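Mind docking chain Z on chain C? Use the hints.
Number of protein chains: 2
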Amino acid sequence: MSAQSELLQKIDAHIEQNLAYWIGQLARLCAQPSVSAQNQGIEACAELVATMLREQGYTANILPSAGYPVVVGEGRGTAADKTLLFYLHYDVQPPDPLELWESDPYILTEQDGVLYARGVSDDKGHIICRLAALAAVKDTLGELPCGIKFIIEGEEEIGSPNMPAFVEKHQDLLAADACIWEFGGVDYDGRPRQALGMRGICYVELSVQSLNRDAHSGLGGSIFPNAAWRLTWALSTLKDRHERILIPGFYENVLPPSPRDLELLARLPEETAQLKEAYGLGEFLLHLEGGLALQRTAVFEPTCTICGLTAGYQGIGAKTVLPAKASAKVDFRLVPNQTPDEIVAKLRAHLDAQGLHDVNVTLLGGGRPAKVDPDDPFVKIANETAVAVYGCDPIVEPIIGGSGPNYPFIHTLGLPLVSAGVGYPGSNVHAPNENMTIKNFLQGTKHTARIIERFGRG
Amino acid sequence: MSAQSELLQKIDAHIEQNLAYWIGQLARLCAQPSVSAQNQGIEACAELVATMLREQGYTANILPSAGYPVVVGEGRGTAADKTLLFYLHYDVQPPDPLELWESDPYILTEQDGVLYARGVSDDKGHIICRLAALAAVKDTLGELPCGIKFIIEGEEEIGSPNMPAFVEKHQDLLAADACIWEFGGVDYDGRPRQALGMRGICYVELSVQSLNRDAHSGLGGSIFPNAAWRLTWALSTLKDRHERILIPGFYENVLPPSPRDLELLARLPEETAQLKEAYGLGEFLLHLEGGLALQRTAVFEPTCTICGLTAGYQGIGAKTVLPAKASAKVDFRLVPNQTPDEIVAKLRAHLDAQGLHDVNVTLLGGGRPAKVDPDDPFVKIANETAVAVYGCDPIVEPIIGGSGPNYPFIHTLGLPLVSAGVGYPGSNVHAPNENMTIKNFLQGTKHTARIIERFGRG
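Note that the protein sequences, when read in sequence, are chains C and Z.
Under our numbering, the letters of the first sequence match residues 34 to 491, in that order.
Under our numbering, the letters of the second sequence match residues 34 to 491, in that order.
Chain C on its own, in the form it takes in the complex:
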């Protein structure tokens, strides 16, 4: 056995031997609510994360942003001229609907090798994964092989509205050579996934107030403006039943996928059966059945998703009310080179042109789409180390359907980003019963450790 193989075996063994300790740390972190959408537990969670970094020997500061605080940490390593940055987030999605959880979302619960809690995968599981991997590498080598930086924000689940400005402002503090992103993991068959880009997001609330109070529907039905109707009509002008977004100019900055993107997409495994089963899906939209057409639509098409609707009476039975207020949450996923500012402006202009001046638009979160070069040397490191851990080549996705603030890291800091982590398709992220398997935790941590070790060797 080579010295290198032996070293990696020791790192793996360290991760396995310390599993109980890290699960305990994960339970501690998940017990602290940190719902950014509802400003619940945010400050306390930032404090806890800083404390946990310091306990592992890193410096940690809680820096203000225009929104929630950002934890920035640092550790020195052997190679003074090489720095690896970890982007993570300490906030989580709201746990509701609570009645669908089978255990308390804030008490880490294990069943049959699976850990359940809000944030156990997205993203507290990844924070612990990084700390566990770094501890294994440091303890095994005696010292970290390179400089380490952390940026752990509290607004990822609400669209990271302040990350671009924060990164812009703290470019020197965050300067690095490469970045490991906040997520990663495996597909339905246990193959590692490498995500090289993300769609952008423009999350808005549309709201209408047509009266100063609700009216009796018998009184006003024929003659009073109804907020729920105004909202319905506004929404119906945004997208047709063929999924075509109708906002003028919406598609004008859309860049089609490159030949290299399409080549990578064509190699992706078919997951249609698993998706259909997981979501009880009869058929995909647009009669898509699978193959490159489905893969391409899933990630290279921008979207307009109604995430929520609220108006009037929502209890059981009938209430004959004409609602004074109505609102909708609408999430646009953007592809290169669309921008959230552009979309909000076009949406506003569209509603005005439709005579829907009374429909207010509030931007709740936005981020630009961005992609990493699939042939970057750091991407190669991440892919090669995955083979050793997972026993097969990773699936390389040129862009994924989800969003995150990768744009300022790729474009402002100029870093290659890779994904590595503990996720799997059954994690129920953003949904009740969010979970992570212990197997995936161990694999994701070993993969992260190997990227650190390999990057440190240069």
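Each hint should be verified, as a subset may be incorrect.
Repeated chains share a single entry, so a pair holds when one copy, or any two copies, can fit it.
Claimed, not checked - When the alpha-carbon atoms are kept at most 25 Å apart in a straight line, the in silico DMTMM-like pairs for lysine to aspartate or glutamate are as follows:
1. Lys358 x Glu310
2. Lys358 x Glu238
3. Lys472 x Asp222
4. Lys379 x Glu285
5. Lys115 x Glu132
It should be emphasised that the hints constitute simulated quantities derived from the structure, not laboratory data.
Remember, predicted model here, so these are calculated numbers, not experimental data.
Relative to chain C, chain Z alone:
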């Protein structure tokens, strides 16, 4: 002073002297929740109403219907061949949104001559008004001048789905010569209103389930069916922005108002300024400014009102979820000769024709529109007695915008119906801070008493 005048003065004095007693009885009745939409307190309220009738010397039975129980009461009078029927309801609208109430909706609260509670006007105030009027007439004359019957149901606020069948089944029990309806009262200027007809109602829930659980909007936005979009598209096919209902055949049974209807409408006072102020309204729909055009549209046009919308995330901030379920409450107000069954069938056929087979339609309540002949002798009695109480001619409305189960009373039992009561435009019925003024209670009770006395004299 004539004997007749003296008699009426004694009746009025009786009503005034017993005010505190009747307010106490109203407090007792309002303290009992009876929310039909939520099946809350229904049985207990039926029992209480029966007890209160018996305390006043009437027989009272609680009869089953296919839904909630119906209280049927009876009392004998001098004229054995003349019977007056009172239709009332003991159920109330849900009190929510609770946070907008300035007092507990189930504790009768007085402030500056105004009584506040859920149901204080609609319809518990009218139950007490009838009992107070009857007691005054009986005590003054020594005996009731005619037979009295009560039918007090518990499903009016959910569209009285079982009233037609109940009336059909109990025609003998309910046989009478005339009927005083469950409401009545004054307009903004204190003039009494006489409502001679009501629009029908067809209240449905539209619901869609597109997945077995919510999905991440980044994952499914481009390829998964979204229940909120399906619902939005379905709704947008029901009515256009010119308020035209688009369901094929929707208008085919609509009967235009008669010349007599238009004559009565033309005499109605202009209430546009009051309505605009009460609801913070900029302008009426369809650029209507007032006059006969507005009056006619308000009551002789059928409607399609969205009463409620529910889907996905409705909290503060952003949640990137693709909703598996969405639903809407939709209330169609019908004019002669539309029927709820016809509308449900046409709605279903329309959605199917639009390819919206996945949008489920559930009928939550329905009732046919109906009108009384404005020249019926009993209508004349009600109008003439109003002059004495209110000091002016009543406003006669050939049909009003609201709905109620008058069809079986007018068409199955063959009765003329009149309105008389305690309402006024500021009552906030179906809304927070429902209220009744003591002045209106006294007037409505005096008017009711005079109708009884006059009807009994023949």
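Looking back at the numbered hints, which does the structure fail to meet, lowest number first?
5
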